[in-house]
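All chains, full assembly: derive it from the sequences and hints.
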Amino acid sequence: MNHRGGWALIRSTWLSWMEQRTFFFLVAFGWMVPPLIYLFVWATVAGESTVGGMTRDAFICYYLVLSFVNQVTYSQTNWTVGDMIRMGDFNRLLLYPMSPTYNTLASEFAGKAVMLSFVVPVILGLGLLLRPEVALSPAGIAAFLPTLLLAWLLRFLWGYWLALLAFWLTRTDALLALQDALVFVLAGQVAPVAVLPGFIQTLAVLLPFRYMIGFPVEVLLGQLAVGELLLGFGLQVGWLLVAWILFRILWRRGLRHYEAVGG
Amino acid sequence: MPDSQIEVENLTKVYHVPEREAGLTASVRSFFRRTYRDVLAVKGISFSIEAGEIVGFIGANGAGKTTTLKMLTGLLQPSSGSATIAGFTPWERQPAYLRRISMVMGNKSQMLWDIPPLDTFRVLGAIYGLSSVEAARTVNELVELLQMQNLLTKPVRNMSLGERMKCELTAALIHRPEVLFLDEPTIGLDVSAQRRLRQFIVDYNRQSGVTVMLTSHYMADVMELCNRVILIQQGKLIYDGDLAALSQQLAPFKLVRLTLNIDDPVRALRACLPPDAEILAGMNGDITLRLDRTKTAHIIAHLLNSLPVDDLSIENPPIEAVIDQIYQGEEVL
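Top to bottom, those sequences are chains C and U.
Using my numbering, the letters of the first sequence map in sequence onto residues 356 to 618.
Using my numbering, the letters of the second sequence map in sequence onto residues 15 to 347.
Hints in this document: simulated from the structure, not taken from any laboratory.
All the given hints hold, so there is nothing to weed out.
Chain C is faced by these chain U residues, among others (derived, beta-carbon under 8 Å):
no.: 1; residue: T87
no.: 2; residue: Q91
no.: 3; residue: P109
no.: 4; residue: L112
no.: 5; residue: M117
no.: 6; residue: K122
no.: 7; residue: Q124
no.: 8; residue: L126
no.: 9; residue: D128
no.: 10; residue: I129
no.: 11; residue: D133
no.: 12; residue: V137
no.: 13; residue: A140
no.: 14; residue: I141
no.: 15; residue: Y142
Lysine to aspartate or glutamate pairs mimicking DMTMM-like chemistry, simulated, CA-CA at most 20 Å apart:
no.: 16; chain 1: U; residue 1: K122; chain 2: C; residue 2: D444
no.: 17; chain 1: U; residue 1: K168; chain 2: U; residue 2: D128
no.: 18; chain 1: U; residue 1: K122; chain 2: C; residue 2: D438
no.: 19; chain 1: U; residue 1: K250; chain 2: U; residue 2: D338
no.: 20; chain 1: U; residue 1: K168; chain 2: C; residue 2: E374
Every value quoted in this text rests on a predicted model; they were computed, and no experiment measured them.
Heads up, the beta-carbon is just placed ideally off N, CA and C, and yes, glycines get one too.
See below:
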């Protein structure tokens with residue numbers, strides 16, 4: 356463990372990304388567009404009545420919080436891990452007396468710090484503009500923070516183990532694109548899990564993707580009964596363990612298999 | 015416990031590479047059944063290097079240089095054989111080992127692109143566990159030696175290649191490594207930048223006693239820096255010794271330059287030289303002959319006796335020509 360080095364790396368990556376902040380602001384904006392579209396679509400559909408028990412205001416709150424959670428949990432770094440392995444840039448990291456994972460975490464934290472400095476004001480502005488009626492409970496807020504943290508860890512590690520398959524496969528970005536597609540349908544993006552039709556809803560509850568985005572949103576907005584919350588929390592932790600184990604196994608075996616491509 | 019800084023024995027690496035022919039059908043076929051081929055990249059090489067030596071590690075593209083360097087820096091597991099560097103086995107990748115070595119790759123950068131080098135140096139100081147005072151002192155020394163005071167606050171992306179290379183060297187030496195691997199450090203640099211970089215390596219080596227292993231395709235690098243070269247060819251070590259001796263030992267011919275005091279020197283020479291001697295006519299009546307090494311003395315004696323020779327000198331062929339012959343696999347040994 357080399358925390359001092361890791362921390363210095365995070366700091367300098369952040370400095371270097373602040374130099375390119377316009378780029379990151381545009382990327383962050385791009386990620387915000389789909390949830391905002393669903394916000395307006397569902398708010399319009401709900402109109403004066405409800406859909407799946409959710410009112411217009413509930414949809415607005417849901418999607419505003421979801422935009423935030425999506426930014427916090429999205430791991431843009433996973434896309435570069437596979438490339439670094441394939442192109443040989445990974446060599447440079449292996450020469451340092453420090454785990455290469457620090458490098459990934461550094462770009463992860465630095466990226467979030469840059470992007471959130473853009474996203475949070477935009478979401479707050481939209482909230483003020485649309486003025487949805489919302490009642491947040493202290494319990495909801497208290498449960499939100501740990502589930503958000505777990506959601507980020509789960510999405511990060513899930514993408515990471517997929518990216519590590521680059522040790523064996525040449526291109527792993529297709530797997531990450533597949534993951535994004537599943538997240539799109541099953542994580543509560545295109546529609547909140549509560550309004551998904553029966554069979555797909557069951558899938559969404561059982562598979563890991565909801566626990567990367569939708570679950571913390573539902574927790575914060577108090578949409579879950581205690582039983583549902585506990586089940587969700589258990590599944591979130593369970594999937595996180597699965598992701599962690601896969602990550603460890605692939606990391607160890609991958610390094611052994613690594614053939615240090617390129618100069 | 016070996017006395018040498020670097021001790022390599024019987025190091026071998028076999029790559030297991032997937033193989034497929036071009037085209038769609040081959041691509042589909044290989045999806046279902048991949049075929050592999052074993053490539054013997056490094057075949058049982060052994061050598062040892064003393065602390066403080068600068069050794070040139072040369073060979074054609076694909077000879078196995080990079081593979082060897084990757085094993086010695088711990089990036090690759092060898093298939094068999096052993097290596098001990100500064101008392102460590104490189105591919106165990108112990109942090110204590112990684113803190114003792116460094117590698118500069120001419121075609122890869124370790125600088126952070128968008129921020130001034132000083133920030134990268136600070137990060138590296140932290141990664142290598144140096145106190146900030148210690149790191150600052152080393153950086154100052156290197157900055158002085160490389161004369162790069164004006165570069166410290168300039169973003170790396172705005173630097174020329176020569177300027178960036180100075181930063182790469184500082185970055186690589188900030189933790190005062192005992193062993194330095196230089197992989198094509200002068201690639202792409204202009205002549206004077208190359209010369210300054212070589213001078214720096216010599217000075218730094220003298221000051222710090224660092225052991226250097228250098229690969230380069232520029233013979234000027236090797237000639238100026240290395241008293242000793244290790245030459246590998248198709249994964250096998252074929253020469254280990256000093257560079258001048260390499261040329262003497264391996265060059266099959268000598269070059270003889272002469273000036274003759276007659277009207278048609280070429281025709282006169284043709285008449286008294288054996289048929290396998292090559293005549294390379296130069297300017298102003300200067301002529302260069304390429305003679306079989308073993309027959310040179312005999313031929314020259316004959317020339318001096320039979321022709322009006324004004325001036326004559328015997329040289330070994332340029333090292334480039336010798337190396338070129340070896341790389342092309344011609345029989346010179």
